[in-house]
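Participant: Okay, here's what each chain looks like letter by letter:
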Amino acid sequence: MKTLWKIVLLGIVAAILVLFALGLNNDPRNIPSPLVNRPATPFTAPALDGRGDVSLSDYQGQWVLVNFWGSWCVSCIAEHPYLMVLAQIAQSRPDFSIVGVDFRDTQGGAERFLQRHGDPGYRHAKDPKQKIAIDWGVYGAPESFLVDPNGMIRLKHTGPLYDGWFERVALPLLQETPETKEQAAPIGVKGEKG
Amino acid sequence: MWIEIGHFATLMALLLSFYQIIASLYGAHAARPAWVRSSRQAAIGSSLLLTIAVAGLIISFMTHDFSVRYVASHASLNLPVFYLATAMWGGHEGSLLLWAWLLSVFIAVAAWRHWKTHALSMPWILAILGALLAGFLILVLFLSTPFERLIPPPMDGRELNPLLQDPGMVFHPPFLYMGYVGFAIPYAFAMSALIVGKTGEEWILATRRWTLFSWAMLTTGIIFGAYWAYYELGWGGYWAWDPVENASFMPWLTGTAFLHSVMVQERRQMFKIWNLFLIITTFALSLLGTFLVRSGVLSSVHAFATDPGRGVFILVFMSVVLLFSFGVLVFQSDHLKTKITIESPFSRETAYLFNNLFLVVATITVLLGTLYPLAVETFSDAKVSVGAPYYNKVFIPIMLGMLVLMAIGPLIPWRRASIAQLKKSLLLPLGIGAAGLPLGLVLGIDHPYGLATLVLILFVGSTHLLDVVRGVRSRITRDGGSMGSALWRLIGRNKRRYGGFVVHFGVLVMAAGFIGSGLFQEEQNLLLQPGDSVKIGSWEITLEGVGETSKRNWTALEATIRAKSDSEEVILRPQKRVYSVNSQPTTEAAIHTNWKEDLYVVLGDPVGETWSIRVYVNPLVVWVWGGSLLMALGVIISLMGGGGVLRREKKVS
Chain A
0 MKTLWKIVLL
10 GIVAAILVLF
20 ALGLNNDPRN
30 IPSPLVNRPA
40 TPFTAPALDG
50 RGDVSLSDYQ
60 GQWVLVNFWG
70 SWCVSCIAEH
80 PYLMVLAQIA
90 QSRPDFSIVG
100 VDFRDTQGGA
110 ERFLQRHGDP
120 GYRHAKDPKQ
130 KIAIDWGVYG
140 APESFLVDPN
150 GMIRLKHTGP
160 LYDGWFERVA
170 LPLLQETPET
180 KEQAAPIGVK
190 GEKG
Chain B
0 MWIEIGHFAT
10 LMALLLSFYQ
20 IIASLYGAHA
30 ARPAWVRSSR
40 QAAIGSSLLL
50 TIAVAGLIIS
60 FMTHDFSVRY
70 VASHASLNLP
80 VFYLATAMWG
90 GHEGSLLLWA
100 WLLSVFIAVA
110 AWRHWKTHAL
120 SMPWILAILG
130 ALLAGFLILV
140 LFLSTPFERL
150 IPPPMDGREL
160 NPLLQDPGMV
170 FHPPFLYMGY
180 VGFAIPYAFA
190 MSALIVGKTG
200 EEWILATRRW
210 TLFSWAMLTT
220 GIIFGAYWAY
230 YELGWGGYWA
240 WDPVENASFM
250 PWLTGTAFLH
260 SVMVQERRQM
270 FKIWNLFLII
280 TTFALSLLGT
290 FLVRSGVLSS
300 VHAFATDPGR
310 GVFILVFMSV
320 VLLFSFGVLV
330 FQSDHLKTKI
340 TIESPFSRET
350 AYLFNNLFLV
360 VATITVLLGT
370 LYPLAVETFS
380 DAKVSVGAPY
390 YNKVFIPIML
400 GMLVLMAIGP
410 LIPWRRASIA
420 QLKKSLLLPL
430 GIGAAGLPLG
440 LVLGIDHPYG
450 LATLVLILFV
460 GSTHLLDVVR
470 GVRSRITRDG
480 GSMGSALWRL
490 IGRNKRRYGG
500 FVVHFGVLVM
510 AAGFIGSGLF
520 QEEQNLLLQP
530 GDSVKIGSWE
540 ITLEGVGETS
550 KRNWTALEAT
560 IRAKSDSEEV
570 ILRPQKRVYS
580 VNSQPTTEAA
590 IHTNWKEDLY
600 VVLGDPVGET
610 WSIRVYVNPL
620 VVWVWGGSLL
630 MALGVIISLM
640 GGGGVLRREK
650 KVS
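First to last, the protein sequences are chains A and B. If you're matching positions, the first sequence starts at 0 in numbering that gives the first Met the number 0 and goes up one per residue. If you're matching positions, the second sequence starts at 0 in numbering that gives the first Met the number 0 and goes up one per residue.
Chain B on its own, in the form it takes in the complex (with noise of 0.2 Å):
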């Protein structure tokens, strides 16, 4: 019942954004706004019926109603409630239906939230994210459809895929997909922008929010992916350029540089051309994560389900709506020559500027190492793959640029800086940073790049401080008042800079992280008998016993390890689990983290009486997973600012 229930929804909801498109664009054309307000109702109308859908779905995975197709195929009778609600999205046609779902509801918003402000470029608007729902539904309906019956039904499903039964599973993807498709809203403005002539700040000024929002979505969904590589499929590592996880970097990477250009806007009127290049390719790159995960063309850990049938759909509309975007762009973008030039070398503008070009190599880098090997495969016989080394050469230098510039850049003026000037700001940081050097060798830190990061840090460290403290210092000299209270009233008067400020740290955190677990790792393979002990590192590992556990859907092999270092003793259980329905085993890592390191120990195969387990000391890896929750905390007090711009935003229109 429920499944054709949402059926239908579906079905209704891709009549709908059809009107959509027809309604905005002949109210445009013929100057009836009537018109144009049914296409908006259109527009909530079809996230009301997608919403159903979604629901029709999850309670037929609620109900275990293996009648249908893709219920059976991705749930079980056994499976834990928790992952029947979320196994919606744990296969191919639901996921997409998830990212249809989570655009119409951004349609929604969008039209109801910048409805007065944005008359002009409305109809475009809705007419633009009209089409992009039209495709997807069509993809959802006709090509990978999740209400599809099964006839007869089986007893029981075939589960889903043990390596989804996590709580990664529940979160990675609809924040990854969050990012991705929010994406969608400021490139639809970006367009109309284009379309209808007006590329001043109006466009920027509305998607300002909309961008960060995504922003956030994607950092935050590229870290929960992290997070659950890392426990889950017991490498030891949480990063490994693979071609999907490349996707989901690239729209990341243009898409930060989009944030800080877009300031550059703002303030100077400049880049206006650039900025809608880099909003429209950081849409394009959400498109084509898309396109690389579901059409199986490359060779992929994430290439779960693949079909070139739907590649091929997947791949006509992805043409369209790039060759539509660019070529309008390029047709278009004459009318946007603007006379303002960059006044010095030394100023706010340059720093963008480099920040972006920094942004744009490593973009170009990690897309040619995707489709490179996509390359060889098509035009050879012969299969190759990119890995680490490729990445690193080229990355870690540009990500070490990108530090000198986050050091300088929020401190230099616009327009022009005096040397005399930079002096001030910068001469006590280049100090600390240079302290650094000495203290990093202490530390024991002697790879090159270990140490330059370590300088880095440091150095953009306390310029955010000094300027932090230099705010604080005039507030109290102007207002009185404690420091505590002079420091949130900064913030509170510039959320958006100190916002960003806090990011900066989180990703100053993240660096550290970086490098430790990068440069730092101890690995071992090790043949233990119950009662053997090995020193890795500062611990002192101890095997008890190998014993059997289960749960309601799996059952495992259970190592007892006792790690002992100077300061602590703790007992580490890692498993091998078989899951009932199928028999793919999965490692589930045992790992005890404390602020310097992280001790991670998986369980591997018997051998005679001996048991192999390999265990990896990851150095500063929970310095990883904190800079991220800077990041977000910096991202909701940016987020919570812009009073200024709402009230400029009127004055536009």
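Next up, chain A with everything else stripped away, as it sits in the complex (with noise of 0.2 Å):
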């Protein structure tokens, strides 16, 4: 073997191996969604607890994440454990809250599965009809999106949240301050080339 094919096969090999060595941090289920960047459809609506209405704009002024779940959904489960320690986090920061959006579910069987898997404390939108869901785009659950206070949709994840997904997903984009990243980023410049 000549010693340029030498150099060239390892090289490759190597290249290959530290790509993915980098890539390792992505994230899988961070898939494009139109509506990132986009303003968040506002909504309201009657809350599990019976007081009163839920709405998107008691929040405004902080980051928001808005979590779509439903007591018959099994990934929903697997995500719960780091939803509590999410709302601990949320009651830390007095930048950051949480708000669930029980869709496509019963009252009863939304209580029986917080009774069941234990309450985050923090508050939920019930949609029985999913006409929030329809409006955010949710095809599937859980699937949770990060609103900027601007109001801006900043970020959608599909599938349950994961164990350190807050440091390492939300933390840098909480750090942004939104106004100069507003400016920066147009709509549609992130995540839509594919």
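In short, the hints are calculated from the structure, not lab data. All values derive from a computational prediction rather than experimental measurement.
Using 27 Å as the maximum straight-line C-alpha spacing, the simulated DSS-like pairs for lysine-lysine come out as follows:
(1) B:Lys563 to B:Lys575
(2) B:Lys115 to B:Lys197
(3) B:Lys534 to B:Lys563
(4) B:Lys115 to B:Lys494
(5) B:Lys595 to B:Lys563
(6) B:Lys595 to B:Lys534
(7) B:Lys534 to B:Lys575
(8) A:Lys128 to B:Lys575
(9) B:Lys575 to A:Lys130
(10) B:Lys197 to A:Lys5
(11) B:Lys423 to B:Lys494
(12) B:Lys197 to A:Lys1
Hints given; two lone chains; assemble the complex.
Facilitator: What follows is the structure in structure tokens.
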């Protein structure tokens, strides 16, 4: 084998391995959504706990994680322990809240779910006819959207959130000041090349 | 109980595989054959232990032991028995155990079969395979164990993913894995041949059947996957260039290249380094496939389970294997210079050379297409996906080139062909091929690729048939007898060659299927009220009604659709199923197949009073499946051959 070929061969092998090593940090569930970097559709709906309405506008001025779930959804059980952790993070940060949207579900089903798996403490909007879910383009559950203080959707996550998601994915976004980012990233720059 | 026995057996198997590495290396180093023998016993022992482990896991499934986490998350009380037994590989942990088990069985068989014939390289073979097995067992035991208990146990399990509740899941993964894992044996033979410095014919003869077997399994696994996707996913296609599909396709391409180029080494002692490179690459690509599926590094429909922690381990493991393998190849290859060169551009050697060139370019194409999105995502914020247009652009011309070679290759003699010879054997087939042009226009094929494929299919088919006819004729003139018996003797005397012919015929049939379904698919999205009729292709489709139906663990909406053509009238019942435990709906397409097309109907959602229904007419899809059956038959014929090779193998040793 010629020396050149040897170098080329080992170089290619090494390059592929390095690419994989770097790629391990990617999040395969971070699927681009056409809604990213668009204003979130506002909603107001009866609360699951029966105390009035829950409205997205209640959370204006802070980052809010909108989590779509249902007691019928198996992956939501897997996700739930991490939501309990996230709820604590949200309590310790004034700039970050969580709101749940319980869709295509019954009052009883949702209550039993929270009883059985634990109540993270944040509020949930009831969406039995999936009106909010359809507006937000939800096609499965769980799905989560991160909305910035200006009401723009900045991230969509399909499937269960996982340990370390906040630190790895959300925090870098939270630390950017939204005003500058908004100017820097017009609609469709991020994630719409596919 | 059973799960602990399985867990313990796996742990013992890991210890034994460590022993296998150490004993064989020490035995070879200190010239103590007893140690190498004990290494072989260890290999056989770990295959038995892992068999127990697999049995333990399957028994836990059969007895609904939901105190086993893996069982609880992949089965339920309602799951039919058929899927209970096979849910063992329905998830990440179990399928890795399946990988390890298959590997251990193959190691045991290889250690037993080639013990006498490959005494010199056997210690290295055992050590390398032992290391591979140990790597997988560490993964199974410490990073993704199927043996974990869940306390307190749930009353019922979470059930198998509905998409996996399908006969496809029963066959697709085991066959694919047999292919992936099977390549480990030729890989180990190649590596030890390199290390020991005996890279002559020995390893190639020993691994010929292993390679054929693995290639056949991989082919079957891919086809099963394609078929599964075709009728279960409801998008009317069978191949989507998904990263994980690509991952199984790449070792198939290099494996195909190896099967061809090996013949050059057998006959002419050329391509030695190249063959080693090909088989190492084939196995490396098999590992890469495992990595891509299991690490979650890419977005894919197959990314059922993703966990970066495992990804790191598999990556480290893969890096060790790859750097070691290609490193040894690079540093040992200088001993392998041969003085034999290609004598003439018109020779079978050249045909094989181009065959390999095409296949490797095809592999690189797929590899680039698979890695490009990963690179973009890693180095920028954007997500891209590489779709069918990219692959079609590069792939169809390559495949047409392959067909040209396929026509000429088997007829052209080794070393040097004279123009007169070529004329004699190619003139008639060329004529038949050219007749494809008007034929295609009559049939209404107006796409240049479609026409080219038709011409080439006729060309290749006639060269192969002509060759067989000539052989049969000369046999009759020599020994007499009927045509049938002459054909039987002809194939019997050279099963490898004619097995290969049958595989080639299978490829032709498939090529027709690809062109038919790829270029001439018709698709319509309909909104129908019960009673409405629509015409698509030669079919008139009437929605008779939509009702409900159910079975043990699912309920479904089922449409009744009457389809009428000139010659037949059928009822199709596509369903939308919802499984009781998991609420994910699945589509059950209804497919009516005849030799020239599939009528493929998918039930969508209700829109007010009407139902959305998607109808595809997919021409010649059944040819894809039929061609793959022919390929399997061809491989079986080839595998039966080899008496001559075995005799030579004995002489070598």
